[in-house]
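Student: Given next are the chains, with one letter for each unit.
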Amino acid sequence: MLERLTLGEALDGVAAGDFTAGEVTAALDARIDALDLRLNAYLHRAPGGAATNGAAPRGEEAPGGAATGGTPPGSAAPREDAPQDGGPLRGLPFTLKDNMNLRGTPTSCASRILEGYVSPYDCTAAARLLAAGGRYLGKTNMDEFGMGSSNEYSARGPVRNPWDLSRAPGGSSGGAAAAVAADLALFALGSDTGGSIRQPAALCGVVGAKPTYGRVSRHGLVAFASSLDQIGPIAKDVADAARVLELIMGRDPADATTLDAPVPDLRAAAAAGARGLRVGLPEGLADLGLDDAVAAVWEAAAAALAAQGGERVAVSLPSLRHATAAYYLLATAEASSNLARYDGARYGRRAAGAADLEGLYRRSRAEGFGPEVRRRIMLGTFALSRGYYEEYYLRAQKVRTLLARDFAAAWERCDCLLLPATPGPAFRLGERLDDPLAMYLGDVFTLPVNLAGLPAASVPVAVHEGLPLGMQVVGRPLDEATVFRAAGALERAFPFRETRRRAVDAALDAEGAP
Amino acid sequence: MELGEDVVRHVEDLARLELTAAEREAMRRDLQRILDYVADLASLDLDGVPPFAETRPGGGALREDVPQPSLPPPAFLDGAPAADAGHFVVPPAIEAAEDGDA
Chain A
1 MLERLTLGEA
11 LDGVAAGDFT
21 AGEVTAALDA
31 RIDALDLRLN
41 AYLHRAPGGA
51 ATNGAAPRGE
61 EAPGGAATGG
71 TPPGSAAPRE
81 DAPQDGGPLR
91 GLPFTLKDNM
101 NLRGTPTSCA
111 SRILEGYVSP
121 YDCTAAARLL
131 AAGGRYLGKT
141 NMDEFGMGSS
151 NEYSARGPVR
161 NPWDLSRAPG
171 GSSGGAAAAV
181 AADLALFALG
191 SDTGGSIRQP
201 AALCGVVGAK
211 PTYGRVSRHG
221 LVAFASSLDQ
231 IGPIAKDVAD
241 AARVLELIMG
251 RDPADATTLD
261 APVPDLRAAA
271 AAGARGLRVG
281 LPEGLADLGL
291 DDAVAAVWEA
301 AAAALAAQGG
311 ERVAVSLPSL
321 RHATAAYYLL
331 ATAEASSNLA
341 RYDGARYGRR
351 AAGAADLEGL
361 YRRSRAEGFG
371 PEVRRRIMLG
381 TFALSRGYYE
391 EYYLRAQKVR
401 TLLARDFAAA
411 WERCDCLLLP
421 ATPGPAFRLG
431 ERLDDPLAMY
441 LGDVFTLPVN
451 LAGLPAASVP
461 VAVHEGLPLG
471 MQVVGRPLDE
481 ATVFRAAGAL
491 ERAFPFRETR
501 RRAVDAALDA
511 EGAP
Chain B
1 MELGEDVVRH
11 VEDLARLELT
21 AAEREAMRRD
31 LQRILDYVAD
41 LASLDLDGVP
51 PFAETRPGGG
61 ALREDVPQPS
71 LPPPAFLDGA
81 PAADAGHFVV
91 PPAIEAAEDG
101 DA
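Chains A and B, in that order, give the protein sequences.
Going by the numbering used here, 134 is the number at position 134 of the first sequence; the sequence numbering is gapless.
Going by the numbering used here, 6 is the number at position 6 of the second sequence; the sequence numbering is gapless.
Just chain A, same shape as in the assembly (with noise of 0.2 Å):
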């Protein structure tokens, strides 16, 4: 059963020679076998599993890998490099989400357009969990760049819910919430751009964090948009999510919007307790969507937080409903410029018999694209188009500018906020695809954080109906440390694990039952 341990525990056993990572990943491998055909959360597997990639390459290695003599800033150290002494993962596989280049490996952002690329180097996240003695295990699935909340847009069809196979895992990292939460992989790297770590956590019942804004590097992420993106962990459980991030932080020169800033200890930040925390709660969440079922649960871990000694305060938030407009206005704006390198020249696909350089791009771009990338990149291009930029992209900048004061004013009256990750629990697949404004609303929680660049974690607390429902707790800018406080006491309070792995379980046998 080594493929249920928590990161923590499997670093303790193979500390204490009780087995190794070889046969974790082992486990977890001839789990992946016999449940991913059913999950879709994979896109790619390490040859051979990761418990041989320490001696041989990573993947398929790039066709110009041998070839590639210098080392770009930030990238990997070479496999042969790896810690004489396991490292702090000790050998234990990770996943990246299937936006992280690794060399050697294809990553095509769940996309036709990058229909076989194969990365020529690693993003500085992944060359840190391997330089950190980790090893890769697999590329896990997403919605098209980033661009979903239920994973359903994926080019390589939608990932299912483990806890209801009829439901989304939330997206956009919904593969890596997917297997995490089915024990198909130990931890995840997942990125989050309004949402897309904390709301598939939520909605698969495992942690997911994302990090102040310039936490993590960005080298080597592909960009959907890049005043939001942030890489951070999908885990088992607070400790593992707070391990994860601690290896991931700090400045990078490859990417120049890190920050220079110490990184915290988060670990014993998650057992600190919550004793003389002040822990803020919007008001008029009601208004935003907010279920009675979830609102519920929110009262009842605000309760749970009282009575380990935090203290409740009333905080307002009023731009929060002005969020999601601003969010959709920004996002698809910056993302139809960071998507304008797809030109059909330079990476993956090509659309054949295009005649001059004009219908090559468009042809490629109208055959790669799906339909929510599309409609993504035409509204962005239309709120940045001449006439309507001052209307759309201008104002919601503005717009991003209260949101933010509305965050600093909280800041003086609490340490943290407690808010849903998200609006009810996981939907049905197909319920809001043709619903594009539906998908979106369900973000109303999540993204306001990206917006203002903060730290934030989802915890599972609760299940209603026999679905998860996690909690989200925000904290100040590089305030972390006070994020994984709550967190830890919300997962004190709500102990989860073993409810997923029943439910888990019984969901997959039931499915799987001739």
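Derived by calculation from the structure, the hints in this document are not laboratory data.
All of these numbers come straight from a predicted model, not from anything done at the bench.
Don't take each hint at face value.
Which stretches of chain A does chain B cover? Using the computed rule of at least three CB atoms under 8 Å from a CB of chain B, they are [as the list claims (entries may be wrong)]:
(1) 16-27
(2) 209-215
(3) 259-271
(4) 307-316
(5) 347-356
(6) 374-381
Ranges of calculated distance between the beta carbons of each label pair, as one might list FRET restraints [as the list claims (entries may be wrong)]:
(7) Arg4/A / Asp65/B: 48 to 54 Å
(8) Glu465/A / Pro91/B: 35 to 41 Å
(9) Pro67/B / Thr499/A: 52 to 58 Å
(10) Ala26/B / Glu299/A: 37 to 43 Å
(11) Glu95/B / Arg38/A: 53 to 59 Å
(12) Asp47/B / His464/A: 42 to 48 Å
(13) Asp47/B / Leu37/A: 55 to 61 Å
(14) Glu311/A / Val49/B: 28 to 34 Å
(15) Arg33/B / Gly284/A: 22 to 28 Å
(16) Arg38/A / Ala82/B: 37 to 43 Å
Virtual Cβ for every residue (Gly too), placed ideally from N, Cα, C.
For chain A, the structure is supplied; the task is to place chain B on it using the hints.
Tutor: What follows is chain B alone, placed relative to chain A:
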């Protein structure tokens, strides 16, 4: 605002996309719904509010201004749909000059 087909076509040109007539109409309807939703922003008094400019809570982390090694061209050309002699191959971007003017 009412989003007309002409605006959708214009944006499609700007974005270098190519939609069929049916796709364009579906796109127009989707975008119209989203624009109706964001129309709320127009009612806000934003006079004197500066546009947001910086997500980072602290200063930047620019590296030393010295050249660093980067991957050699083959690492990138190998991922291209068509490449030759150290270049990306694309359809003609300009007409061949006929008067000998380079």
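Student: With reference to the structure, classify each hint as holding or not holding.
Tutor: Now the hints, each set against the structure:
no. : hint                           : verdict
1   : 16-27                          : violated (count 0)
2   : 209-215                        : holds (count 3)
3   : 259-271                        : holds (count 3)
4   : 307-316                        : violated (count 0)
5   : 347-356                        : holds (count 7)
6   : 374-381                        : holds (count 6)
7   : Arg4/A / Asp65/B: 48 to 54 Å   : holds, 50 Å
8   : Glu465/A / Pro91/B: 35 to 41 Å : violated, 56 Å
9   : Pro67/B / Thr499/A: 52 to 58 Å : holds, 54 Å
10  : Ala26/B / Glu299/A: 37 to 43 Å : holds, 41 Å
11  : Glu95/B / Arg38/A: 53 to 59 Å  : holds, 55 Å
12  : Asp47/B / His464/A: 42 to 48 Å : holds, 44 Å
13  : Asp47/B / Leu37/A: 55 to 61 Å  : holds, 58 Å
14  : Glu311/A / Val49/B: 28 to 34 Å : holds, 32 Å
15  : Arg33/B / Gly284/A: 22 to 28 Å : holds, 24 Å
16  : Arg38/A / Ala82/B: 37 to 43 Å  : holds, 38 Å
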